[in-house]
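Going line by line, the protein sequences match chains A and B.
Numbered according to numbering that gives the first Met the number 0, the first sequence spans residues 0 to 42.
Numbered according to numbering that gives the first Met the number 0, the second sequence spans residues 0 to 378.
Each statement offered as a hint is correct.
Derived DSS-like pairs: lysine-lysine, alpha-carbon spacing no greater than 30 angstroms straight-line:
1) B/Lys-335 - B/Lys-183
2) B/Lys-307 - B/Lys-188
3) B/Lys-224 - B/Lys-154
4) B/Lys-307 - B/Lys-335
5) B/Lys-307 - A/Lys-32
6) B/Lys-304 - B/Lys-339
7) B/Lys-304 - A/Lys-32
8) B/Lys-304 - A/Lys-33
9) B/Lys-204 - A/Lys-38
10) A/Lys-32 - B/Lys-204
11) B/Lys-339 - B/Lys-183
12) B/Lys-154 - B/Lys-66
13) A/Lys-38 - B/Lys-307
14) A/Lys-32 - B/Lys-313
15) A/Lys-33 - B/Lys-313
16) B/Lys-188 - B/Lys-339
17) B/Lys-313 - B/Lys-204
18) A/Lys-33 - B/Lys-204
19) B/Lys-339 - B/Lys-307
20) B/Lys-278 - B/Lys-39
21) B/Lys-66 - B/Lys-278
22) B/Lys-304 - B/Lys-188
23) B/Lys-307 - A/Lys-33
24) B/Lys-304 - B/Lys-335
25) A/Lys-38 - B/Lys-313
26) B/Lys-278 - B/Lys-154
Source of the hints: derived by calculation from the structure; they are not laboratory data.
Every value quoted in this text rests on a predicted model; they were computed, and no experiment measured them.
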Amino acid sequence: MDNMTFGIVIIITGMGGTLLTLGIFSIIMVLLKKIFPYKIESK
Amino acid sequence: MFDAIMSGLNGLISGFTSLHWSNPVMILVGLFLLYLGIKKNFEPLLLIPIGFGAILVNIPSAGLMEKDGFLRIIYNAGVLTELFPLLIFIGIGAMTDFGPLLENPRIFLLGAAGQFGIFVTVSLALVLGFTKLESVSIGIIGACDGPTAIFVASKYAPHLLGAVSVAAYSYMSLVPVIQPPIMKLLTTKEERMINMGAAKKTVSKTAKIIFPLVVTIIGGIIAPKGLPLLGTIMLGNLMKECGVVERLTNASANEIANIVTLLLGISIGATMDGREFLKFQTLTILALGLLAICLDTVCGILFGKLMKFFTRGKINPLIGAAGISAYPMAARVVQKEGQKYNRQNYLLMPAIGANTGGQVGSVMAAAIMLSVLQGMGIV
Numbered sequence: 000m001d002n003m004t005f006g007i008v009i010i011i012t013g014m015g016g017t018l019l020t021l022g023i024f025s026i027i028m029v030l031l032k033k034i035f036p037y038k039i040e041s042k
Numbered sequence: 000m001f002d003a004i005m006s007g008l009n010g011l012i013s014g015f016t017s018l019h020w021s022n023p024v025m026i027l028v029g030l031f032l033l034y035l036g037i038k039k040n041f042e043p044l045l046l047i048p049i050g051f052g053a054i055l056v057n058i059p060s061a062g063l064m065e066k067d068g069f070l071r072i073i074y075n076a077g078v079l080t081e082l083f084p085l086l087i088f089i090g091i092g093a094m095t096d097f098g099p100l101l102e103n104p105r106i107f108l109l110g111a112a113g114q115f116g117i118f119v120t121v122s123l124a125l126v127l128g129f130t131k132l133e134s135v136s137i138g139i140i141g142a143c144d145g146p147t148a149i150f151v152a153s154k155y156a157p158h159l160l161g162a163v164s165v166a167a168y169s170y171m172s173l174v175p176v177i178q179p180p181i182m183k184l185l186t187t188k189e190e191r192m193i194n195m196g197a198a199k200k201t202v203s204k205t206a207k208i209i210f211p212l213v214v215t216i217i218g219g220i221i222a223p224k225g226l227p228l229l230g231t232i233m234l235g236n237l238m239k240e241c242g243v244v245e246r247l248t249n250a251s252a253n254e255i256a257n258i259v260t261l262l263l264g265i266s267i268g269a270t271m272d273g274r275e276f277l278k279f280q281t282l283t284i285l286a287l288g289l290l291a292i293c294l295d296t297v298c299g300i301l302f303g304k305l306m307k308f309f310t311r312g313k314i315n316p317l318i319g320a321a322g323i324s325a326y327p328m329a330a331r332v333v334q335k336e337g338q339k340y341n342r343q344n345y346l347l348m349p350a351i352g353a354n355t356g357g358q359v360g361s362v363m364a365a366a367i368m369l370s371v372l373q374g375m376g377i378v
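Whole structure, please, built from the sequences with the hints as guidance.
In structure tokens form, the structure reads like this:
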């Protein structure tokens, strides 16, 4: 694989993968906060 | 008799006769790192052992990095095995509160945007003639995270470890100098004055306990090559949040982290032999590292502006600059810059949320990059 292709693949998959993964984490945490809400837990 | 005396005296002058021109230069570099750490308080926990290690290894004929030298033993035991950065990561996880991030989970995306500089710098390093693995090790400086940079560089380009580590830790401490001009350039005065309001405690203890498990399992399945990094930081955080292993948490955050920091720092300094360190490529690496962090800041702020647009002005774009892993330095910079334009504006908590998002983001970025490389058959 030539360097240019490698660089483009790294940018797309790396940045895209990071955004997607952290987006998944944020969705999961929103759901978890709804399943385990703060107020009910503290009571 | 005379020959024996001369041989003995020869042992006393061999240090001077073995001096290479690069040795005194690197001793000065080591002294400069000590100055930065002691006088300027720039990341002293790392720069002082690194600076001292650089001085030690550049005194010739001592053999500290030879086969049985004590620095070589420490280096082989903890750096080549990647053990030291992982042990430090347990401590970092035990010291980090992800609460402000979990209160506003969409800030995760700022933590992702703040890693853009890593990937662009990899491409630039390739253009400048570095190999693929060297470029990856240079690009990871943009993670703005010492243990992550050391983990990647020690495995894939150990001959660049000294330059990469010094760049990573030095630039982390220079964040208050690097970021403000970029923040001012990319935001308007009105944007800098946006008040994000007070944070509300909306995260239950159960959610805080489940968070590190979610990141480990899902992040590990997506990017298995980075599981050592992910798993260790999340183990530390799980121990902190569950609250039932206080002794382990305290030991991880204090004794273990301190001991390993000392040994890691001196090991990194030991790689800064003048013959290896004083090359044109070291300057190139330092320049690329600076560029990576600038690009991280640019992308973080631009993404912050995008989020401000979609939230109809609720997000202050300045917090995008905190989406890097320099915790809590970057968050403090955002707080300080926000207060310059609006003294009633307390951006610290949202900025800490973005900053801890950047910690997760930098680890995930490294993990994903390594897994992509594995998929391409390069590692």
